[in-house]
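S.K.: Chain by chain, the residues run as shown.
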Amino acid sequence: MDEFRLHINDKELRISAPAEESLLFVLRNRLSMTGTKYGCGEGQCGACTVLIDGVARRSCLTSIESVGDAHVTTIEGLAPADGSLTPVQQAFLDEEAFQCGYCTSGMIVSATSLLRQHPQPTDTQITESMDGNICRCGTYRRIVAAIKRASKTETGSRI
Amino acid sequence: MTTDTLTPHPEPPSLRDRLHWFQLDRRDFLKLCGGGLLVCLTSDVIHAQHHGGFREHPLPQEISAWLYISDKGVITVFTGKIETGQNARTSLAQQVAEELRADFNTISMVMGDTDLTPWDMGTFGSLTTPTMGPQLRKMAAAARQVLVEEAARRWSAQPNSLTVANGKVTNPKTSQSLAFGEITRGQKLTATVTDQPALTPATDWKIAGTPIPKVDGRAFVTGKHQYPSDIVRPGMLFGKVLRPSGFHATLVSVDTADAQRIPGVQIVRDGDFVGVVSDDLWTATRALSAIHAIWNVPPQPSNSNLFEYLRSHPESDGDESKNIASSEPPTIHSDVTLSQHYTVQYIAHAPLEPRAAVAEWNNGKLTVWTGTQRPFGVRDELAQAFRLPTSQVRVIMPDMGGAYGGKHTGECAVEAARLAKAASKPVKLVWTREEEFTWAYFRPAGWIEIRSGANHDGKIVAWQHDNYNSGPSCIESPYDIREQHTQFHPTQSPLRQASYRALAATANNFARESHMDELAHALNIEPLEFRLKNLADPRLRAVLQAASDRFGWGHSKSTPQTGFGLAIGTEKGGHVATCVAISVESDGGIRLRRIVQAWESGAIVNPNGLRNQMMGAVTMGIGGALSEAVEFSDGRILNPRFSQYHVPRFSNVPKIEIVLLDRKDLPSSGAGEIGIVGLAPAIGNAYFAATGTRLRSMPMLPGNLSQTSA
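As you go down the protein sequences, you meet chains A and B in turn.
To convert, take the position in the first sequence, counting from 1, and add 349; that gives my numbering.
To convert, take the position in the second sequence, counting from 1, and add 778; that gives my numbering.
So that you can see chain A by itself, here it is in the shape it has in the complex:
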């Protein structure tokens, strides 16, 4: 076991974990932050997506050692503390872009990363940047609609 100091959702957390353990299992099993999901363990399904310094990353393929001083944002840390939702979360809710909801955390985090890079993404940009996220219930078209809805949210509001 090694000691790590992590920056997660704007908080500094100290944990002990094996250096090679994935960020995903550290979040879920050592920090009880279960919003980030396990789906495949090989970076193929996107359920475990988190933001690392604002960019979507697969936490199942990210060793805790490699996180260093980077800032990690999980689904639990996206929305402001006042209980409101981000435009992406609100758009997923408005479009009801889920069925079982198990992929939703990863979808919302991936979409957030996309919209930060491309506030008005084209269809091709949406498909390319979201294609690593699987929704087994098949709500892809609603997710696309949700991303477009969020992209139309007034500029300046926090994605």
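No wet-lab data here; the hints were simulated from the structure.
It is possible that part of the hints are untrue.
What the hints assert, rightly or not - With a straight-line Cα cutoff of 30 Å, these simulated DSBU-like cross-link-like pairs (lysine-lysine) come out: (1) B/Lys-1442 / B/Lys-1311; (2) B/Lys-1002 / A/Lys-501; (3) A/Lys-497 / B/Lys-1002; (4) B/Lys-1442 / B/Lys-946; (5) B/Lys-1311 / B/Lys-1237; (6) B/Lys-1237 / B/Lys-1203; (7) B/Lys-984 / B/Lys-951; (8) B/Lys-850 / B/Lys-946; (9) B/Lys-984 / B/Lys-946; (10) B/Lys-966 / B/Lys-1237; (11) A/Lys-497 / B/Lys-1237; (12) B/Lys-946 / B/Lys-966; (13) B/Lys-984 / B/Lys-966; (14) B/Lys-1143 / A/Lys-360; (15) A/Lys-501 / B/Lys-1442.
Unchecked claim - Here are a few chain A residues that sit away from chain B, every Cβ distance over 12 Å (derived from the structure): (16) Glu-361; (17) Arg-363; (18) Gly-403; (19) Val-404; (20) Gly-417; (21) Ala-419; (22) His-420; (23) His-467; (24) Pro-468; (25) Thr-502.
Cβ coordinates follow ideal geometry from the N, Cα and C atoms, glycine included.
Since the structure of chain A is provided, determine the placement of chain B on it from the hints.
M.R.: Frame of chain A, contents of chain B only:
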């Protein structure tokens, strides 16, 4: 009326193989069987669960078993059905609110908890809407009657002079009103429902029939919803289970010495079950990989000889009733005759949340939180595995991350419970993706033969449909055919197989609707016209009309690069018609361009949820149609990863338009399954229209010449 049971429904091919035999089991079973017949016995146990269970489990007729209204007016509804994305938590609550005349937001559903809810067979077969819906509506209507009578008694008024709305009983003459909670004061509604209360017709629905948003949506978008794999219990340990190197393997030897040397690891050995527990998943995983086991895996079939195997290995368990023949095979006398065969491969459900369970023993009572469509079935499996009365086992099903017919069984629950028993602490076990792809069960593969005859006037005169292994669902043609002969031939299966969304309806519909297209072309009749010539069912005609109108069927002709195809299907009260446009890519591959699907399943309970289900069924269907196949050889799965087994992704899904027909005059049927059956044949028919090449194997891989024939 007397409430006894909900309509039984035939279950798909049963699961024959348990994953583990604990010492206790094997000894007892060997004693019972005199040393043989293990397979036969387990089959009977499963059979009894599906069929005999009804007589043992009459539905309670007391309102209190289904409904409770607190003094604050919070209405708690109890049902053994479960929620896995199909929206039953919302749609059932809507129906209760409707009949009670309560605010939707005051309803809270308790689902799939074997200690709290009435016994239920399971959530499958599209049965929640047609059976649990009316059951809860009946209880809610009866509860409303009781509330009205109690208010009338307090006011010395006539019950039929009172009105009920928004969770309140009102006396219009005096303007007095009482909220439901003020009437019950938190007391149970002890009345027994012995007659059939009048239910609100769909034409008068104000809450049911509306697009109420899915409950718990906010928990999904904030990551707060607790799935089975998210459950944590005090003092909980993590488990891992040693897997054989192939199916039907026997354990030759196992060396756990290296694993045992790792601090904080406990090895659990029972019969051929070997597992580890540790207070930390990392350590448990490391310990598992330090176990050295030698397995003997017998030679087994592979994809390359799958269909030959199915056709030459009829089921030999002596159950003649499984051999369903509708009549003698017809001798075909017609202007045109056709004979063709079609195949479907094994496919995997691959729910995004793999099997997961947390098991906890307290003073001999076992509680398991697990993802399953059959909480009571899993309770029985656990009771059997640990020789407990069912009253000592509780299964709790937190709304889970997908199932699609793939989570009927309790393997993971049994494993977690065995580990927890050894550890004397709660244990969490979450299957890896590879375990889920390998040790869950599969949708059956199948070989289908169709022989048909039709005359130049476009009328089909004879039809013969034989299905080997995949199942009888949807095997009867919905077209008007004088002589029809259908037969399901159960066979032995190289892989563990059972339920999958729509069961064999996908395979049988693929074969029939492809064959219909072939027959239309043989007669030189336009495919839509050919179907209408042979179709009387007004509900199917209506969806076919709706889909082809929206699609603009016939407005454009197929070209070598662009094809249009259509298909219909019906089963379990659902009626579907699907039109697709495809393009043929430069590499010969199929690209979907547009999908239009029309659907009718009686009165719509929630159009928003129904639309979502239809989109989901169509999208899932893309996988089975174009890319999904379980590759296996000698008892091993060769593609147990999302990088190797290709489920539909954003880039595979075109524009999908759903047309819903709302028949308020007809009872509501389930809609989670049959929306999947139209897509594959519509794609195959579109490919033929573009290229003149017929694809008769699912998945349809045009590049693979062995799969196609001109």
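S.K.: Checking each numbered hint in turn, tell me which of them this model violates, lowest number first.
M.R.: Structure breaks hints 6, 10, 11, 14, 15.
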